[in-house]
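**Student:** Sequence:
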Amino acid sequence: MQPTPNPFLKLREEAAKLLNAAVDNLGFDITVSPDDLKPTRNLKFGWLCYEHALRLARTLAPPQTPQEFAEKLVSHMPESNVFLKIEAVRGYVNFYPNLNVVNHLVISSVETLGDVYGFEDLSDGRVICVEHCSANPCGPIHVGTLRNAVLGDTLARMLRHAGYRVLTRFYVEDTGRQTAIAAYGWQFVADLIKRDPRPDEKIGIVYTVVNTVIELEELRRKAATTSDPDQLSLINHEIHRRVGIIHNQMERDEALVKAVLENLSGRPVVDEIAQLNLRYEQGDENAVRLIRSMVDLVVQEFQKTLEALNISYDRWDYQSEIVWSGLVNQILSRLKQTPFVREEGGALIFDAERAAVTLGLKERLRFHFDEEIPDLTLTRSDGTALYVTKDAAYTLYKRRDSDLLINVIAQEQSLAQRQLKLLLAAIGERDAVNYLVHFSYGPVVGLSRRRGRYMTAREALEALQERCIVLLRERGELSESEINKVSRLVAVGALRYSMVSIEPDRPVQFDPKRMTDLEANSAPFVQYAYVRARGILRRAAEAGVSPNGDPSLLKESVEERLLFMIARFPESFRYAVRTLRPHVICEHLYQLARTFHRYYEAVPVIKADPDTARARARLVRCVAQVLKNGLDLLGIPVLERM
RNA sequence: GGGCCCGUAGCCCAGCCUGGACAGGGCGUCGGCCUCCUAAGCCGAAGGCCCCGGGUUCGAAUCCCGGCGGGCCCGCCA
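Counted from 1, the first sequence has number 365 at position 375 by this note's numbering; the numbering is strictly sequential.
Wrong hints could be hidden among the right ones.
Unchecked claim - DEER-style ranges, computed between Cβ atoms:
id, residue 1, residue 2, range
1, 468, 353, 58 to 68 Å
2, 229, 391, 46 to 56 Å
3, -8, 456, 45 to 55 Å
4, 3, 347, 43 to 53 Å
Rather than coming from a laboratory, the hints here were simulated on the basis of the structure.
From the three backbone atoms N, C-alpha and C, an ideal C-beta is built for every residue, glycine too.
Based on the provided sequences and hints, a complete structural model is requested.
**Tutor:** Written out as structure tokens, the structure is:
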């Protein structure tokens, strides 16, 4: 058989062909498609099985038992050189590959395709925008946000490998309340922070302090007007918590926190922050200078942090630019012409329920017919736009150069994302319900700032690298400079893998120990399998063993397992892309690596007889190739030694 | 109150789309394997009412309905 991008599909097709011939011979009106074949769970049942015989047997005239039917199928099949044995067992039809043919097919396919083996072109010419991370520029990137960034980056890589043109964007949300809060505090302490090696972390402290002070003021005002003792004790509890937060920040940088607090006292903080935001959106020179001086600093740190993790962006879009360009006002004036917008105390409110009903989009957006969709506030009473409104403008902006827009945004924003589609539909962008995709993912839970269980991306990476360094020194095979480099690459891989190896919908428990796991189901496990494979190939070359043997000499069951995993890699890729679930790739790589580690321990390559050695070296080279392709796909570094 | 997501071994996670052969791994525990291609590895043992109850089906971890438990959303925050 000729090399092919998808060897397993070839086997499916062949098995389907044989089954169709059998049902024809038997005179049944049944068509078997390649998808009706399933990979077996255990190779003792062969590589493929047909299980529909179980279901179909009873529907036939005359009815027969599944086993009878399966046996008839087998006995009425033409000969095939692809399958050595085809067996009817308990109603299944099992296909055992002819390893003389299939081994060669799989290996030559990998060798022919090389770096692109596994990556089927699934594109339709569309340009896909993947917006991800988009952290507020008022603090460092922490591990929660990192889940977003790594998922987004991996998605983008997957789509690129699937032949799409992909545009990745980071949306810098530099307008709005949160950034204004941080910038408000920043103005008093900018000089303290500017030369700090980690300004983003300091700005994070400033944000937390200012925000907490505001909350405290509010709580105290509430306490003063309440006489209900239950209510009062609840409020007091909340006040206590806030005080604790301030103390917490104090421990991190006392001078900074004190400086902020001193400057805040006696000022109408809330009003001044609102004014700052308003002036920024209006393009006031001083406000722009102030906010941008902080935002630029944080964005630089974002770039450094993300770059260290192999994450890069095609565009960095500033929310402020969208506002200043007039796009947001255009959206607002178009919305005002619809019957869905009303004014309340100067603020504009969007009647999402009415819009959805009128436009007939309730069902399409997965709202129940009797579910009341909440109103959405479009603007504050001072006229400044809220997040979803600005996002509508940004959507149209992104749409200018992309056909499909994927927003990687936490699950908790699901309602807002649906309201966003309604907003767009209301102004005539009805197609937004199709071209806008909310890629939702579950929370990282247990990140309590209260108890200081709060870890930045940088801290996670550093902790991981420390552990790698310890391990590498124990091993004593690499020089200090190599250790430095290798530990960084392993840490990057481990962190990325921990973020992307679990199903996106699932909430992940924040656990520094597990996140910094270097064993078992982790990136280093896969990276190490690659290193071992490359080690064998290096030694083989030294020993004059060329990776060019006859694949049919690969008869060990663990070799068959390796070939099976290699053959199925393109299908895993396809499934991962189709469902936008990167963890499918992790799972496949993990299984392949696991099988290879077993192989490594159990079967000698170089020391086998010369013909077998050359065949095994060839297999090892293919394993290395697939591991590399998979790791590249995930943005996880590939190393020669570790 | 309404809606969304999650529930699989002590802990963590695959499998659910497309129902099928004894439900797979990892961590941890216990016991083994480095004079041999890097032990971040391998082998073995113990550990499961697949949250509960119904339904559909020849067959349900998987599909449907109803509960329960946990998280989140319903802000002039994002």
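**Student:** It remains to establish, for every hint, whether it holds in the given structure.
**Tutor:** Hint check:
The hinted window of 58 to 68 Å between residue 468 and residue 353 holds, with their beta carbons roughly 60 Å apart. For the pair residue 229 and residue 391, the beta carbons lie near 49 Å from each other, so the given range of 46 to 56 Å is met. In this structure the hint that residue -8 and residue 456 lie 45 to 55 Å apart at CB holds, the actual value being about 50 Å. Checked against the hint of 43 to 53 Å, the C-beta distance between residue 3 and residue 347 comes to roughly 49 Å, which is consistent with it.
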